[in-house]
Structure formats: C-alpha cells, structure tokens
Amino acid sequence: MAKKQVNPNPSSKLEWFEDRLPIISFMKAELVDYPAPKNLNYAWNFGSLAGVALILQILTGFFLTMHYKADASLAFDSIQHIMRDVNWGWLIRNLHMVGASFFFIVVYMHIGRGLYYGSYKSPREILWGMGVVIFFLMMATAFLGYVLPWGQMSFWGAQVITNLISVIPFVGEDIVIWIWGGYGVNDATLTRFYSLHFLLPFVILGVVFLHMWALHNRKVKSNNPTGIDLKKDTDFVPFHPYYTVKDSFGLAVYMLPFLFMVFYMPDYLGHTDNYIPADPMTTPAHIVPEWYFLPFYAILRAINFNILFLDSKLLGVIAMVASIAILFFLPKLDKSKVRSARFRPIYKVMFWVFIANFFFLGWLGAKPAEAPYTQLSQIATALYFSFFFALPWVAKIEKTKPLPTSI
Amino acid sequence: MAEKVSKKDNVDHGKRDFLSGTTKVFGAAGAACACYPFIKSMSPSAKVEAQKYTEVDLSEIAEGDTKKVIWRGKAVFVKHRTQSEIDLAKAGDKTVSIDPQTDADRVQRPQWLVTIAHCTHLGCVPIDGSLENWACPCHGSQFDVSGRVVKGPAPKNLEIPPYTFIDDTTIKIG
Ligand code: HEM
Ligand code: FES
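From first to last, the protein sequence lines stand for chains A and B. Be aware that the first sequence starts at 15, since it is given in the numbering used here, and climbs by one per residue. Be aware that the second sequence starts at 41, since it is given in the numbering used here, and climbs by one per residue.
Isolated chain A (complex conformation) (with noise of 0.2 Å):
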C-alpha cells in the first residue's frame, strides 16, 4: 500500500529523497525490474538504438549550433568553418550528418519489426501511434536540418517541399509565404527552420517518453515473437541484466558501420551538389531528396494524372501524406487476431511483398521522371496501398498457424 504522507523519521537520507521525489523507485521499476519477455530476439534491439540515435544526435547537434551561423550569407562557410578550423568539428558535424541516416535505418527497422510480429494490434493501437507521430516529426526534423548548410540541394530541397504546401486549396500560397517569410526560400526562412530544427528533437523527446509509458504500462508491456499473450510470471526476465547487456551488444555491433561510415565515407549517402552554395536563381540539373525519403517521393512523383477536378499536383501530395499516415489505422484495418508473421502464412509473404516493393519505390525514387520510371513507380504505389487496403479481406480467409499455449 502506498503511503499517504512522508514518513517524519525517515530510516535513511534515500527514504527522506524518495518519500519527496520518488525517482529512484521510478527508474529502478522501469529500467531494472521492468519485466521482459524471456523470449525476445535481435528485433527487439532497434528501440533502444533508436533512443541512442536521438540522444546522440541531440548531443552533436547541441556541439553544432555554438559554431554554425543561421544566416544565408554565413551559413554555408560556417560549415566550412566547423569542417576545416574547430577543433574536432569534423568528427562532431560527421556524426551528426552520418547519425540522421542510421538514425532512419533504425526507425525502419523498428517499424518493420512492428509490422512483422502485429505489434500493432490491441492493446499497444496508442504506443504504435505514438510512433507513428515520432516517425513524421524525425522526418520534419531531418528536412530542417538538411536546409541548414545552405548548399543548392538544401535550397532546392526546401523550394519543392515547402512548395508542397501550395496545393492546399485557397489558402496553400498564403501559407507558403508565411513560411517563407517572403516571396520565396530566403534568409528568414533558414533562421526560422534553424529554430525549428533545434526545437522539434525535444518534442520527439516528449513523445517517446509518452511511447515509453504506454509500452511499460503493465496492462501493455513488451510484445514477443510468437505474438501471444504472456500470462504467467515465469515468461518474464527483469530488463537488467538481460536486456540492459543484449542491448549494449546490439549496440556495439551498431557502432560498427556506423563509426565506419562517420570515419571513411562520411558523405557517401549525401549529394555532391551540397557542397556548392545555394543559388536561388539556378536548379541543379538533378535534384534528389536524401534516401530515406526516396520511397515517399516516388509515391509524389507517380501520381502524373487528374481525378476529376483534383490536379496530379494535389493528388500526388495527397498520396504521399496517406501513405504514411496510414500507419495509423494499421490497426484497424488488420482486423485478424493472431499478431505475429510466424502463424500466419498469407500476411507473411504479403509482409516480404510489402518491404521488396518498398525497396523498389526508393530505388525508382532516386531516378527520373520519365519512362518507364513513372509507370513502375504507379504501379509499386498501387502495389504499396493494397497491402492495407487487403489486410480486412486477408484477416477473414487467412487459416492461420495452431499458436503455442505459452512461450
């Protein structure tokens, strides 16, 4: 029973503290006791990297911001500044840029983990929305600070995204040239994005606190690779040790490509064309997002044609925005009751389908427009929506596998 008042003779100086700030019970519940599944497998390691690639890029970020200039007419030799004459700066600035990038690999690992074992599915419907929240504001984030170098790719970048938004009806140019802070990408848009870029990892802090406290909810907890629920004390193992060291394995392992890449090809996911500075009268013959948005953009592009009154530009942003934001009614839409791939042999190969077409929509996301590009991106789009839109249908005619009574 919880005590109602603080007890006025303390036995210790930690019963004084905890009885005023109860922090360390708090910390010892959630990440000493909390009680795991026995049987999780290397899947479940890309929600701790991923919490270690925010913090990381919080921390290199915040090392950033005391030499870079959010200016048009400084931004760009700021970054020459960090990369030639402060101390380390180079290693500070390549694990931030090299960072972004792990960062989304994990993310979509997680999400992929997600969707193969039904993590979506009742009751963690809120935990996996959260995620999806966390997923569109790293995207955002990533935008941002992509236009912070001031090279044409981030100018460029930032003309066509923000532009996006012009095809809201009416009211879509008002809003770009809010945005803006002008009649086009200029110096208040870069400082403005500046202070975004800073502000919206600590909002993606709140909400994976709010991810976290919906998955340590003991009505909720852990899911596990046979999908099943988990009802006797014996199917759990305190996270520490177990996980706490299984963790800083996968987190070794991890820190190998990823100091490889930070070290010996710091730029070999990024584009060339940021290195030349940002000119708003002239676009670089090819402009290409960064790869984590390639299979997104090709969804944009594929969409070339009307619908009645609704121009391809409309659509094609409109495509883009559900096919993210259909995440969210994952769980409505997948009304089958066995969560995880193991049992269910039709939701299985349409999940490999799913993440082979997903391959192929960045690759075509990174070609250009033209035959038989666009063609195979509509196509791979279509392809993309009707894994959801299947998924009520497949539930219903899907014989799934005799699931295990306990793990």
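Please note that the accuracy of each hint is not assured.
In silico DSS-like cross-links for lysine-lysine, where the CA-CA straight-line distance does not exceed 30 Å [unchecked claim]:
1. Lys92(B) to Lys83(A)
2. Lys52(A) to Lys246(A)
3. Lys381(A) to Lys92(B)
4. Lys83(A) to Lys108(B)
5. Lys413(A) to Lys362(A)
6. Lys64(B) to Lys83(A)
7. Lys83(A) to Lys87(B)
None of these hints come from the bench; they were simulated from the model. Quantities reported herein were computed from a predicted structural model and do not represent experimental measurements.
On the provided structure of chain A, position chain B with the ligands as indicated by the hints.
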C-alpha cells in the same frame, strides 16, 4: 432564480453552466487573439514588402538571350526573343492544351518575354536551351518560348509578373 436551484446538491446548474460556458468561449477567443502577433511575426516583414520593384536594363540583353533577375526573392526570366522565336510562340497558340493562352496575352511587346522563372509545379527554375525552350530539372515539366506549359506535371503556364516599360530600354517589375 431560487426555484432553479437543484434540490439535490443546492447548486444553480443553469447559472453555473452559463458561467463556465462564457468563460470557455471568452478564454478561447482571448487565447486566439494572443496568438495573432506571434503568427503574424512570421509573415514577410515591412522591409521585405518595401522591396517591391526591380528595374531591368534591357539594352544589356542581346537578341536570343535570357537574363535572370531577382524580384522580391523570386527569379524572373527576361528573354529577348528573336523573330523566329516570336513566330514559334504564335504558332504555339493553337497547340498548347494544358493551360491555353495566346502569346499576345502574355507579352506587352513581342520581343520581350518577362515571366517568373519558377516552375508552377514545385518551384524549381527550368533550364534553358532545350527543344521546348525551358525544361524543369526537377520533375520534367517543359515550357515553350512563351513560357506556356507543354508537358506536365506543372499545371499552369509560367506566371507573368506585373511590369511596365519605363522607356524602350528599361522595365520596372512589380
Ligand atoms: C531528431 C534528431 C535530429 C535529426 C534527424 C537531425 C538531422 C540533421 C541533418 C540531416 C542535418 C544536415 C547535415 C548536413 O548535411 O550537414 C542537420 C544539421 C544540423 N543540425 Fe540536426 N538533427 C537532429 C537533431 C539536432 C539537434 C537536437 C540540434 C541542436 C541542439 C541540431 C543542430 C543542427 C545544426 C546546428 C545543423 C547544421 C550543421 C550541419 O549541417 O552539419 N540537430 N541535422
Ligand atoms: S518543379 Fe518543375 S517539374 Fe516539378
């Protein structure tokens, strides 16, 4: 009023609902008003609004050349068209179909085409020199010698900014 007071808890619910209702409405209206200055602070400042005009010296632009200038943060093409380009633009009057408009409606003097240089799709600056005169590097839209869209995804012709001829060799955009 006394008769409205609930017997059960001795509270006048009508009055209480009215008070909490008006508090919510006025509170929300006040909060909305307080947001206004902050939202408005992000709109183009008076200084930006003041830079409304750009003058262009036409004598520098040789026949067949295009000059790019900046007007209110946007790039603008000023193209000195040759006779054959003017003929081509006139011929295009019959064939353009995405956003039909005659060349005569788009120029004040046939030799001078003045258009906003941002593709009406998502704002990239088309590159000149192609068959159709301007090709957008971003998603492949094409524009003719009158700046009219001949191939999507751009839904509209390149916009014509307001401009006036001050004399034969100078225009003022804006
Ligand atoms: C969700 C976490 C974050 C992501 C995904 C992210 C992503 C990015 C990206 C992609 C760039 C462009 C890299 C380049 O091409 O140089 C960038 C730049 C930058 N970011 Fe972040 N960032 C995050 C968090 C932060 C935080 C928390 C801060 C500040 C406290 C910050 C400060 C900066 C600065 C100053 C730059 C410009 C320097 C540069 O371009 O290297 N970032 N960010
Ligand atoms: S911006 Fe020109 S085609 Fe998309």
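Hint check results:
1. Lys92(B) to Lys83(A): holds, 28 Å
2. Lys52(A) to Lys246(A): holds, 11 Å
3. Lys381(A) to Lys92(B): Measuring from Cα to Cα gives roughly 39 Å; hence the hint is violated.
4. Lys83(A) to Lys108(B): Answer holds: Lys83(A) to Lys108(B) is near 28 Å, not above 30 Å.
5. Lys413(A) to Lys362(A): holds, 12 Å
6. Lys64(B) to Lys83(A): violated, 43 Å
7. Lys83(A) to Lys87(B): OK: Lys83(A) and Lys87(B) at ~22 Å, within 30 Å.
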